[in-house]
Amino acid sequence: MADEAHSAEGGLSFHPLDQFEVHRLFGEGPIHWYTITNVTMWMAIAVVCIVLLLVIGTRKRAVVPSRTQSVAETLYGFVYTMVEDVTGKDGIKYFPYIFTLFIFILISNFLGLLPMSFTTTSHIAVTAILAFAVFFTVTIIGFVKNGAAFLGLFWVSSAPLALRPILAIIEVISYFVRPVSHSIRLAGNLMAGHAVLKVFAGFAQVGFIIAPVAILGVVAIYALEVLVSAIQAYVFTILTCVYLKDALHPSH
Amino acid sequence: MADTAVEHGAEAGGAGMPQLDFSTFPNQIFWLVVTLIVIYFILSRVALPRIGAVLAERQGTITNDIAAAEELKQRAQEAEAAYEKALVDARAEAGKIVDTAKADIQAELDVQLAKADAEIAAQTAESEKAIAEIQAGAADAVKAVAKDTAKEIVAAMGGKADAKAITAAVTARMKG
Numbered sequence: 003m004a005d006e007a008h009s010a011e012g013g014l015s016f017h018p019l020d021q022f023e024v025h026r027l028f029g030e031g032p033i034h035w036y037t038i039t040n041v042t043m044w045m046a047i048a049v050v051c052i053v054l055l056l057v058i059g060t061r062k063r064a065v066v067p068s069r070t071q072s073v074a075e076t077l078y079g080f081v082y083t084m085v086e087d088v089t090g091k092d093g094i095k096y097f098p099y100i101f102t103l104f105i106f107i108l109i110s111n112f113l114g115l116l117p118m119s120f121t122t123t124s125h126i127a128v129t130a131i132l133a134f135a136v137f138f139t140v141t142i143i144g145f146v147k148n149g150a151a152f153l154g155l156f157w158v159s160s161a162p163l164a165l166r167p168i169l170a171i172i173e174v175i176s177y178f179v180r181p182v183s184h185s186i187r188l189a190g191n192l193m194a195g196h197a198v199l200k201v202f203a204g205f206a207q208v209g210f211i212i213a214p215v216a217i218l219g220v221v222a223i224y225a226l227e228v229l230v231s232a233i234q235a236y237v238f239t240i241l242t243c244v245y246l247k248d249a250l251h252p253s254h
Numbered sequence: 006m007a008d009t010a011v012e013h014g015a016e017a018g019g020a021g022m023p024q025l026d027f028s029t030f031p032n033q034i035f036w037l038v039v040t041l042i043v044i045y046f047i048l049s050r051v052a053l054p055r056i057g058a059v060l061a062e063r064q065g066t067i068t069n070d071i072a073a074a075e076e077l078k079q080r081a082q083e084a085e086a087a088y089e090k091a092l093v094d095a096r097a098e099a100g101k102i103v104d105t106a107k108a109d110i111q112a113e114l115d116v117q118l119a120k121a122d123a124e125i126a127a128q129t130a131e132s133e134k135a136i137a138e139i140q141a142g143a144a145d146a147v148k149a150v151a152k153d154t155a156k157e158i159v160a161a162m163g164g165k166a167d168a169k170a171i172t173a174a175v176t177a178r179m180k181g
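Keeping their order, the protein sequence lines are chains A and B. Everything in the first sequence is counted per the working numbering, starting at 3 for the first residue and increasing by one. Everything in the second sequence is counted per the working numbering, starting at 6 for the first residue and increasing by one.
Hints in this document: simulated from the structure, not taken from any laboratory. Wrong hints could be hidden among the right ones.
[Said to hold, decoys possible] For the chain B half of the interface with chain A, some residues (derived, Cβ under 10 Å), not all of them:
#, residue
1, G21
2, M22
3, Q24
4, L25
5, I34
6, L37
7, V39
8, Y45
9, V51
10, I56
11, G57
12, A58
13, L60
C-beta: ideal position from N, C-alpha, C; glycine also.
Same shape as in the complex, but just chain A (with noise of 0.2 Å):
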């Protein structure tokens, strides 16, 4: 396809995969799962703006707070809200599990839209971890809580007594089929976006009709992303409390 493009428009090469290459920091060869890769430097990376956020910017515990503590407390008080009204008063204790997620996925996908940058939750590896992760705790939590009660959730008693063996099958199946979509629809929006962000990009190298054409679209497209990068953080974190309630109160 990429060599297609620059065969026909001469000297125009799209690549918008490349973008998402898992590529060794130093030296060559095979990439190991303990290698040193910008998979690696990206995820530093965001750890180190979450300190710079969230540990830094709180240092003076100021009850006036400075900008960036203003920024660390209301994401703190966004997350904590959605814990507490989702999950009821006995999801709190879960509350730093979800915060970690929620500010790992928020600061890498935006980490993702500087530009020569790599974006960790566009691939399916890490968002497949993420969701399944939720899905074995969320499961465990719930027979620990509830025991076998916590089948309960797949047998929905509201229902006419026929019409619950049919409901059950539906319920297990939407119940195995959260972790995938759970991760797909992280990794594939960010995907997406940037690849078309990299197809705009590429279009721009083509002349003076279409390029300003295709940076008006890139500038577009791109304002859309940040606006994608935070929902879909918040979508991750808020069908994850969604899940946490099911397993602490699995009735309907």
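Start from chain A and add chain B according to the hints.
Same frame as chain A, but now just chain B:
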């Protein structure tokens, strides 16, 4: 260019998506787990307790300030009530003073009026006495003139005036 394309395809694996290149999965998963653990420890040990404490402290400060404001408001209301009461008292006091003054003036007035009435009465009595004297004087004078006149008239008529009879007649006439 062809070389890079081939290399690219080989690297990316199926469908040309780096996301589906399973050879990089262990690497990504390993670093993700490390990152999440690091973030979790930073957040749960340092950041979240600190932010929570700051928010709680602010909430406490706000609650205290509201309580203090409530107290000040109550004190202001008390002061206002005291002021109102003082105003009412002052009005009552003023009313009392006005009433007392009115009563005093009335009493004084009554005394003066009584005195004036008494004086007027005395003067009236005196005047009446004087008038009575004058009247009596006038009646005597008229009686004398009438007697003289009657005597003259009787004498002019050629009769002999009986003094006693004339006096009796004049007196009777004047009474009638």
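For each hint, the structure was consulted:
1. Hint on G21 of chain B holds. Least Cβ distance to chain A is approximately 6 Å, under the 10 Å limit.
2. The criterion of a C-beta within 10 Å of any C-beta in chain A is met by M22 of chain B, whose closest approach is roughly 6 Å, and the hint holds.
3. About 5 Å separates the beta-carbon of Q24 of chain B from the nearest beta-carbon of chain A, less than 10 Å, and the hint is met.
4. Nearest Cβ of chain A to the Cβ of L25 of chain B: about 7 Å, under the 10 Å cut. The hint holds.
5. Of the supplied interface hints, the one on I34 of chain B holds, with its beta-carbon coming within about 5 Å of a beta-carbon of chain A, less than 10 Å.
6. Interface hint at L37 of chain B: satisfied, since its Cβ lies 5 Å from the closest Cβ of chain A, which is below the 10 Å cut-off.
7. Residue-level restraint check for V39 of chain B holds (minimum Cβ-Cβ distance to chain A is 8 Å; threshold 10 Å).
8. Checking Y45 of chain B against chain A by beta carbon gives a least distance of about 5 Å; that is within 10 Å, so the hint holds.
9. Because the closest C-beta pair between V51 of chain B and chain A is about 5 Å apart, less than 10 Å, the hint holds.
10. Given hint, I56 of chain B at the interface with chain A, holds; its Cβ is 5 Å from that chain's nearest Cβ, closer than 10 Å.
11. For G57 of chain B, the suggested interface contact is upheld, since its CB lies about 7 Å from the closest CB of chain A, less than 10 Å.
12. Contact between A58 of chain B and chain A, as hinted, is supported at the beta carbon level, the nearest pair being about 7 Å apart and thus within 10 Å.
13. Hint on L60 of chain B holds. Least Cβ distance to chain A is approximately 6 Å, under the 10 Å limit.
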